[in-house]
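S.K.: The residues making up each chain are set out below.
There are 2 protein chains.
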Amino acid sequence: MVKLNSNYGNLKESYLFAGIARRIREYKEANPSADIIRLSIGDVTRPLAPQVVNALQKASQEMGSAETFRGYGDEQGYGFLQEAIRNYYKTQAGVELEASEIFISDGAKSDLGNFTDMFDTDNTVLIPDPVYPVYVDSNIMNGRKIVFIEGNEANGFLPLPDENTKGDIIYLCSPNNPTGAVYTKEQLKVWVDFAIKNGSVILFDAAYEAFITDPNLPRSIFEVEGAKSCAVEFCSLSKTAGFTGTRCGYTVVPKGIQINGVSLNKMWLRRQTTKFNGTAYIIQRGAEAVFTPEGYAGCLENINYYRENAKIIASTLDRIGIWYTGGVNSPYIWLKCGMDSWDFFDLLLKEANVAGTPGSGFGKCGEGYFRLTAFNTREKTLEAMARIEKVFANLKKSN
Amino acid sequence: MVKLNSNYGNLKESYLFAGIARRIREYKEANPSADIIRLSIGDVTRPLAPQVVNALQKASQEMGSAETFRGYGDEQGYGFLQEAIRNYYKTQAGVELEASEIFISDGAKSDLGNFTDMFDTDNTVLIPDPVYPVYVDSNIMNGRKIVFIEGNEANGFLPLPDENTKGDIIYLCSPNNPTGAVYTKEQLKVWVDFAIKNGSVILFDAAYEAFITDPNLPRSIFEVEGAKSCAVEFCSLSKTAGFTGTRCGYTVVPKGIQINGVSLNKMWLRRQTTKFNGTAYIIQRGAEAVFTPEGYAGCLENINYYRENAKIIASTLDRIGIWYTGGVNSPYIWLKCGMDSWDFFDLLLKEANVAGTPGSGFGKCGEGYFRLTAFNTREKTLEAMARIEKVFANLKKSN
Numbered sequence: 003m004v005k006l007n008s009n010y011g012n013l014k015e016s017y018l019f020a021g022i023a024r025r026i027r028e029y030k031e032a033n034p035s036a037d038i039i040r041l042s043i044g045d046v047t048r049p050l051a052p053q054v055v056n057a058l059q060k061a062s063q064e065m066g067s068a069e070t071f072r073g074y075g076d077e078q079g080y081g082f083l084q085e086a087i088r089n090y091y092k093t094q095a096g097v098e099l100e101a102s103e104i105f106i107s108d109g110a111k112s113d114l115g116n117f118t119d120m121f122d123t124d125n126t127v128l129i130p131d132p133v134y135p136v137y138v139d140s141n142i143m144n145g146r147k148i149v150f151i152e153g154n155e156a157n158g159f160l161p162l163p164d165e166n167t168k169g170d171i172i173y174l175c176s177p178n179n180p181t182g183a184v185y186t187k188e189q190l191k192v193w194v195d196f197a198i199k200n201g202s203v204i205l206f207d208a209a210y211e212a213f214i215t216d217p218n219l220p221r222s223i224f225e226v227e228g229a230k231s232c233a234v235e236f237c238s239l240s241k242t243a244g245f246t247g248t249r250c251g252y253t254v255v256p257k258g259i260q261i262n263g264v265s266l267n268k269m270w271l272r273r274q275t276t277k278f279n280g281t282a283y284i285i286q287r288g289a290e291a292v293f294t295p296e297g298y299a300g301c302l303e304n305i306n307y308y309r310e311n312a313k314i315i316a317s318t319l320d321r322i323g324i325w326y327t328g329g330v331n332s333p334y335i336w337l338k339c340g341m342d343s344w345d346f347f348d349l350l351l352k353e354a355n356v357a358g359t360p361g362s363g364f365g366k367c368g369e370g371y372f373r374l375t376a377f378n379t380r381e382k383t384l385e386a387m388a389r390i391e392k393v394f395a396n397l398k399k400s401n
Numbered sequence: 003m004v005k006l007n008s009n010y011g012n013l014k015e016s017y018l019f020a021g022i023a024r025r026i027r028e029y030k031e032a033n034p035s036a037d038i039i040r041l042s043i044g045d046v047t048r049p050l051a052p053q054v055v056n057a058l059q060k061a062s063q064e065m066g067s068a069e070t071f072r073g074y075g076d077e078q079g080y081g082f083l084q085e086a087i088r089n090y091y092k093t094q095a096g097v098e099l100e101a102s103e104i105f106i107s108d109g110a111k112s113d114l115g116n117f118t119d120m121f122d123t124d125n126t127v128l129i130p131d132p133v134y135p136v137y138v139d140s141n142i143m144n145g146r147k148i149v150f151i152e153g154n155e156a157n158g159f160l161p162l163p164d165e166n167t168k169g170d171i172i173y174l175c176s177p178n179n180p181t182g183a184v185y186t187k188e189q190l191k192v193w194v195d196f197a198i199k200n201g202s203v204i205l206f207d208a209a210y211e212a213f214i215t216d217p218n219l220p221r222s223i224f225e226v227e228g229a230k231s232c233a234v235e236f237c238s239l240s241k242t243a244g245f246t247g248t249r250c251g252y253t254v255v256p257k258g259i260q261i262n263g264v265s266l267n268k269m270w271l272r273r274q275t276t277k278f279n280g281t282a283y284i285i286q287r288g289a290e291a292v293f294t295p296e297g298y299a300g301c302l303e304n305i306n307y308y309r310e311n312a313k314i315i316a317s318t319l320d321r322i323g324i325w326y327t328g329g330v331n332s333p334y335i336w337l338k339c340g341m342d343s344w345d346f347f348d349l350l351l352k353e354a355n356v357a358g359t360p361g362s363g364f365g366k367c368g369e370g371y372f373r374l375t376a377f378n379t380r381e382k383t384l385e386a387m388a389r390i391e392k393v394f395a396n397l398k399k400s401n
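Line by line, the protein sequences are chains A and B.
Heads up, the first sequence is in the numbering used here, so the first residue is 3 and it goes up one at a time.
Heads up, the second sequence is in the numbering used here, so the first residue is 3 and it goes up one at a time.
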């Protein structure tokens, strides 16, 4: 008789986005004329850069001719894309990598989930709270012990380890989803030193690195000394280049990570060559175009569009006098509601016809906070923030 | 201190294809003028059908315009492709499925590897020998007990369970890689009955189903009564439509599989929504085109090209008088060498300048056998078989 993986029974159903959709639907049914603006979306809306579209079309054409057709590629990705990313790291972050430390995939979510294969069940996993739910769920599926480190107003949602902190596998996300907060190099150094001292591995999610504008903030954990001996970095073109529906990411596993003489890079290569068959050639050619000067300029136009939206949201909150993190160096704005997250959701929906995401959906420490995103159109973002400002002006008057 | 997954230490390095490459290289160095023909390749060579290329290009164009841009799709795939596949099952195999039983992915190798997540470590895995190495390695990575069921000349490399057979998770591949042998409906019924009786789950790899020409042979395990309560089917467009470098597959998890009240379909949905983010929209549109009448006709042209190659190989072996399986209903021909697999490899390489794959690389029971594939060009396949025929004619003369 087959036995199922019983750890799946310990997963909690996430009702966050389903819950948001239901409340919006119910409100809309009761108020059919309401023009609801969603600042809850975590998905891009701008089209792919023309350079990327051209590359996708050219590669599609190549697949239609025997002379240029491509069959199986290496599971870890084509050399042309590994080289393009190697060069990106060098120019954007001053980080030197070997091409064989870069693994191309269909996205950071897959790699973050699958990377848990590398580790024994018997490890303590340290995860910041609030957090992107995939870290938690992937480890529950393997039955690992999970402990949380608290993000809060006092630490600006950038928790650091102290003498009581324990964790064999440490997840960090910077710029953070959902808080938009970004670790400084000095703060990341604290984490790297902690990992080296304790023999831990850091799984660093850098999916939002392209949103960083402050040149003093690290875009890669490998800008920090020692990180190449303890950290794996997960990157994505989803937000950098609008690839949420085009699916391409990359994971850097430095050869310097050796655990009891075993190379994590070699283990991941073995995992990927066994359980993965590479990312589509066409998509890898599209991704390559992102890293050309013209292609990156095209992607930056979109990023700058979202950055401007974030600025509009942040400056409105500044005027109202609401505390928040993010808004700069990030497409997310994480604000303090001054009330229960879901009550604030209902307030905004009812009074401003604006939908956001209750912070409590990202963990216990998210209670009392609320996430807005910069991914809607300029017009709707402006309109949404004007409405919110008016709501708060009225609240002030009535107080 | 982090602990790695120690099961990886039990994986054997596969030197099969590396070993083939090395021997060819060495032979070529010693004999620079040798024109070596590779009938060892397991990868397609014909370009994508024009209907598929058109769909890929159109979808690429859509991604470049705000009105038609697509962000995240459902992890389990777009409805348009699930529907196309549902219809394919109905018309090609007479099998009725629900769209939500069909999960789109980047390929069967990923799904076959990742599906092991569903099961407890404490299960006995039953795998035919010889076999595609991914089944074995994926389960070694999880530390499961693996037992083999022997394929041989007597059972035509189509082993069936008897009263001593044990297995909680059963891998079957039909048409088989590497043997090209295809189970009849009656034989699959024996496996389905065995699985139902023992509470086992069958993981059925149908990657080569499109090569079946005999209308009496099942193209899906779901043609067999009862299979929907015990079998998961893994399919791929790699060989059906030349998608080895384009990456799209699908896995059917029937809602009828309930293990102690737990739905395997729901578990796989949870796995995919947590650790996967869907297949590229562009690629799914290309895949959709495969299932249109015109697109499938275009793909069939390529399949028929390979089928003709297989026929050329098989009829040559018939004339020589060599025992084999496959050659029809499959792109593979599995022949009895009458000697050690690697000795036969060296003989063919030296005497005919033809490279194949030693059967011993697919498992203990492959020793003494040899795989040829139908994926080279017509010209090279004809030339290779003419050379092999001559070698055997000379061997006969000299005996």
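Keep in mind that the hints were calculated from the coordinates and are not lab data.
One thing to keep in mind: the hints can contain errors.
Since the list can't tell identical chains apart, any single copy or any two copies may satisfy a pair.
[Unchecked claim] Taking lysine-lysine pairs in the DSS-like style, the calculated list, with each CA pair at most 27 angstroms apart, reads: (1) 191 to 30; (2) 92 to 14; (3) 147 to 5; (4) 313 to 5; (5) 14 to 60; (6) 268 to 147; (7) 382 to 366; (8) 313 to 168; (9) 382 to 147; (10) 60 to 399; (11) 268 to 14; (12) 392 to 191; (13) 399 to 187; (14) 399 to 147; (15) 399 to 199; (16) 338 to 147.
Keep in mind the model is a prediction, meaning the values are calculated, not measured.
S.K.: Are the hints correct? Go through all of them and say.
M.R.: Right, here's what the structure says about each hint:
no. : hint       : in the structure
1   : 191 to 30  : neither (48 angstroms within a copy, 53 angstroms between copies)
2   : 92 to 14   : neither (41 angstroms within a copy, 36 angstroms between copies)
3   : 147 to 5   : both (22 angstroms within a copy, 13 angstroms between copies)
4   : 313 to 5   : neither (52 angstroms within a copy, 43 angstroms between copies)
5   : 14 to 60   : neither (44 angstroms within a copy, 40 angstroms between copies)
6   : 268 to 147 : both (26 angstroms within a copy, 24 angstroms between copies)
7   : 382 to 366 : neither (30 angstroms within a copy, 65 angstroms between copies)
8   : 313 to 168 : neither (37 angstroms within a copy, 63 angstroms between copies)
9   : 382 to 147 : neither (43 angstroms within a copy, 57 angstroms between copies)
10  : 60 to 399  : neither (60 angstroms within a copy, 54 angstroms between copies)
11  : 268 to 14  : between (34 angstroms within a copy, 13 angstroms between copies)
12  : 392 to 191 : neither (43 angstroms within a copy, 69 angstroms between copies)
13  : 399 to 187 : neither (44 angstroms within a copy, 77 angstroms between copies)
14  : 399 to 147 : neither (50 angstroms within a copy, 71 angstroms between copies)
15  : 399 to 199 : neither (55 angstroms within a copy, 73 angstroms between copies)
16  : 338 to 147 : neither (30 angstroms within a copy, 52 angstroms between copies)
In summary, the structure is inconsistent with hints 1, 2, 4, 5, 7, 8, 9, 10, 12, 13, 14, 15, 16 from the numbered list given earlier, while agreeing with the others.
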